[in-house]
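Q: Listed here are the chains, written in short residue letters.
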Amino acid sequence: MIEFHLDGRSGVAPYMQLIQQVRQAMRLGLLTEGDQLPTVKDVVAKVAINPNTVLKAYRELEYEGLVTARPGVGTFVTQTLTDESLAAHGPLRDELRAWLARARAAGLNAESIEALFATTFRTLVEELR
Amino acid sequence: MISPVIQAEGLSKRYGRREALSDCTLSIPPKHVVGLVGPNGAGKTTLLHVAVGLLPPTKGRIEVLGGRPASDPAQLARVGFVAQDAPTYAGLSIADHLRFGAHTNPRWDQRMAEERITKLGLDPSQKAGRLSGGQRAQLALTMAIAKRPELLILDEPVASLDPLARREFLQGLMGFIADQDASVILSSHLVSDLERVCDYLIVLVASRVRVAGEVDDLLASHFRLTGPRRDPADLPPGTEVIEDSHTDRQSTFIVRRAAPIDDPALSVEQLTLEDLVLAYMSRAPRNPHPALETTP
Amino acid sequence: MIWFTWRQFRAQTWITIGALAALGGVLVITAGSIADAYEAANVANCGGNCADALDAFLQQVRGSTSGTVYDLTNVLLHVMPVLIGVFWGAPLIARELETGTHRLAWNQSVTRTRWLAAKLGIIGTATAATAGLLTWAVSVWAQDVDSATGDRIAPGLFEIRGIVPIGYALFAFTLGVALGMIIRRTVPAMAATLGIYVVTAISMTEWLRAHLISATHTIKPLDITSPGALETLNINPETNQVIVRGSANLPDAWVLSNESITDAGHVFTGPINMQACGDNQSPETCLNWVDSLGLRQELSYHPANHFWPLQWAETGILLGLSALLVGFCFWWIRRRVS
Numbered sequence: 001m002i003e004f005h006l007d008g009r010s011g012v013a014p015y016m017q018l019i020q021q022v023r024q025a026m027r028l029g030l031l032t033e034g035d036q037l038p039t040v041k042d043v044v045a046k047v048a049i050n051p052n053t054v055l056k057a058y059r060e061l062e063y064e065g066l067v068t069a070r071p072g073v074g075t076f077v078t079q080t081l082t083d084e085s086l087a088a089h090g091p092l093r094d095e096l097r098a099w100l101a102r103a104r105a106a107g108l109n110a111e112s113i114e115a116l117f118a119t120t121f122r123t124l125v126e127e128l129r
Numbered sequence: 001m002i003s004p005v006i007q008a009e010g011l012s013k014r015y016g017r018r019e020a021l022s023d024c025t026l027s028i029p030p031k032h033v034v035g036l037v038g039p040n041g042a043g044k045t046t047l048l049h050v051a052v053g054l055l056p057p058t059k060g061r062i063e064v065l066g067g068r069p070a071s072d073p074a075q076l077a078r079v080g081f082v083a084q085d086a087p088t089y090a091g092l093s094i095a096d097h098l099r100f101g102a103h104t105n106p107r108w109d110q111r112m113a114e115e116r117i118t119k120l121g122l123d124p125s126q127k128a129g130r131l132s133g134g135q136r137a138q139l140a141l142t143m144a145i146a147k148r149p150e151l152l153i154l155d156e157p158v159a160s161l162d163p164l165a166r167r168e169f170l171q172g173l174m175g176f177i178a179d180q181d182a183s184v185i186l187s188s189h190l191v192s193d194l195e196r197v198c199d200y201l202i203v204l205v206a207s208r209v210r211v212a213g214e215v216d217d218l219l220a221s222h223f224r225l226t227g228p229r230r231d232p233a234d235l236p237p238g239t240e241v242i243e244d245s246h247t248d249r250q251s252t253f254i255v256r257r258a259a260p261i262d263d264p265a266l267s268v269e270q271l272t273l274e275d276l277v278l279a280y281m282s283r284a285p286r287n288p289h290p291a292l293e294t295t296p
Numbered sequence: 001m002i003w004f005t006w007r008q009f010r011a012q013t014w015i016t017i018g019a020l021a022a023l024g025g026v027l028v029i030t031a032g033s034i035a036d037a038y039e040a041a042n043v044a045n046c047g048g049n050c051a052d053a054l055d056a057f058l059q060q061v062r063g064s065t066s067g068t069v070y071d072l073t074n075v076l077l078h079v080m081p082v083l084i085g086v087f088w089g090a091p092l093i094a095r096e097l098e099t100g101t102h103r104l105a106w107n108q109s110v111t112r113t114r115w116l117a118a119k120l121g122i123i124g125t126a127t128a129a130t131a132g133l134l135t136w137a138v139s140v141w142a143q144d145v146d147s148a149t150g151d152r153i154a155p156g157l158f159e160i161r162g163i164v165p166i167g168y169a170l171f172a173f174t175l176g177v178a179l180g181m182i183i184r185r186t187v188p189a190m191a192a193t194l195g196i197y198v199v200t201a202i203s204m205t206e207w208l209r210a211h212l213i214s215a216t217h218t219i220k221p222l223d224i225t226s227p228g229a230l231e232t233l234n235i236n237p238e239t240n241q242v243i244v245r246g247s248a249n250l251p252d253a254w255v256l257s258n259e260s261i262t263d264a265g266h267v268f269t270g271p272i273n274m275q276a277c278g279d280n281q282s283p284e285t286c287l288n289w290v291d292s293l294g295l296r297q298e299l300s301y302h303p304a305n306h307f308w309p310l311q312w313a314e315t316g317i318l319l320g321l322s323a324l325l326v327g328f329c330f331w332w333i334r335r336r337v338s
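Chains as they are written, first to last, in our numbering: chain X, 1 to 129; chain D, 1 to 296; chain B, 1 to 338.
There are no misleading hints in this set.
In silico DSS-like links for lysine-lysine, alpha-carbon gap of 27 Å or less:
| # | chain 1 | residue 1 | chain 2 | residue 2 |
| --- | --- | --- | --- | --- |
| 1 | D | K31 | X | K41 |
| 2 | X | K46 | D | K31 |
| 3 | D | K119 | X | K41 |
| 4 | D | K31 | X | K56 |
| 5 | X | K56 | X | K41 |
| 6 | X | K46 | X | K56 |
| 7 | X | K46 | D | K119 |
| 8 | D | K31 | D | K119 |
DEER-style ranges, computed between Cβ atoms:
| # | chain 1 | residue 1 | chain 2 | residue 2 | range |
| --- | --- | --- | --- | --- | --- |
| 9 | B | A11 | D | R167 | 36 to 46 Å |
| 10 | D | R130 | X | D7 | 29 to 39 Å |
| 11 | D | Q250 | X | L55 | 36 to 46 Å |
For the record, the hints were derived by calculation from the structure and aren't laboratory data. Note that the coordinates shown come from a computational prediction; the quantities given were computed from them, not determined experimentally. Glycine included, every Cβ here is placed at the ideal spot set by N, Cα and C.
Extracted from the complex, chain X is given alone in its bound form (with noise of 0.2 Å):
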């Protein structure tokens, strides 16, 4: 069982970030298929927040399909992340470092290609919506 917590500073909203802990604990492990989450009670018991929060946030993963919800048993994990992403981890990597060094290259200190990645990739989470 995986235990939630909330950062107030991260400006991401809480039920994404709950996603977020959800999707991160799969990709490591640690949540496999049949896994049962948190119920709501335990959720809100331990960490404060609104219980239609907790409820959104599973929701939102049972749209994506990565969870399900039995009524009066619980909500369980249907997919393993593991497998899929981490094969495809190593050639993505090495792109990113000759990308790196190209933009390194053209005179762009941390700052800015921090600044362009961040400006590129929320406009491309924006149109994916």
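Since chain X is already given, all that's left is putting chains D and B on it; use the hints.
A: Relative to the frame of chain X, chains D and B by itself:
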């Protein structure tokens, strides 16, 4: 159309020359955790006291759960209230308090109350005067919860509690909501108390409602715009300026706008709930009809 | 609500029961010595001339512990309504308003009216019961002494016999509750209750009671020469004024005024005949001269049989005041309080 837990129209409360509440209109949806925020002296306690029937309004109407506040025992049974500083009878024990609740409330759940007291590590024979502030707050909350209300109202419940007691109180409160599916209204002068738990927000400043709405909708419709110095009137149409500040080169606006902003000269940022509340708190009262809810 | 009212009142209940029991014990113990003194003075068989026997009896009682207890009960019964008003009445609502617990109590599913009704009803009944029991016990214990002194109807004893103490206690209680509701702070409410009660009680005794029922008026020839008939003879040679009064000769009555009047109906004040009443003259000469003036004695008094009518009248007024205060309390709690 679900009926609101609180419906107020033109609600005003006057003490002699002073207006504690002016022309408040609210339609609070059920099954939400409602945060009532505002500086000290804004009228939060007055509004809550009117809602639980401790005070009669001077003008206007208010309906709580479809009825007049505190009109009869049945109405009283549906609303739980924890007043500021969680008053308890210092000379009476915790068990005495619970027995008082059991004798006077029709839907009292004694077993749940006792379980809660035990889980909190409290001794039922302990006199309430010997409890710490956090423990008294928990006792008051237990009494309000055990009568199984449909609406729970809390006046600055965590204001005088240390961080640990505060966390424990909110944990208990959230557990109650998860169990009983009730509506909750809590007031505070600190937004940070409310950010994690509220999904509906009311900002009350200087006796008036400045803004009221679902937190998600409010956060999605308010932005901070930064850009070269310009007049507020030069912003794209349909933009309501909540707060603006200018230097000789730069202007910063906090605005409310339904559609996304398209101006390349402006950088658009999301707001935190605290930013939003602060913007409305500092807004000068030039608008006699304050911004109301975002959803019909 | 009934259980809760008692629970809040628990400490006072035990104190009161303890005090009443202690007093009861003392009364029982000393009752014997009063009965003994009564027998020793042979009051039962004194026939027509009882003054000496009664005096002997009272003398003996005053000298014994019973005398001290008698004085103590006098004080206790006078103070009892004050204690009730200050300690039972004033804090009843004021304490709740001061500590904010009314916001807890009024959120339980009882209306304010019912809440107040339970408190007033239960503690009010306790007030009446305590006052009644205390008065009855002391009245029974002291009945021989009372009939010997004949002072029952006079101020000083009237307020602590019969049923009037119940009226005073209820008045003090309701006064305390009402002041507590208005003032909202316990200690100031207690002080205000004390002040207003004392003023009211004194006013009742000094001014109001005498007029509750028409007093009896008699005018008869003034007798100041028979043995024991003269009460006062005050001569002031400088102003040439004199005050003369004959004894009222009304044991068991409450004498309101006793004046010596002339034929014209005015109070006789002089001038004095210096030859009859000068320094070098004997008192008898002066007395004989006054006697020769043919003055009359005008008496205004309540005879002993006015005791119960006065009791009912005064109790009625006190109960009426209490009812008004109770009505005020109910009105106030619905309208004003947060």
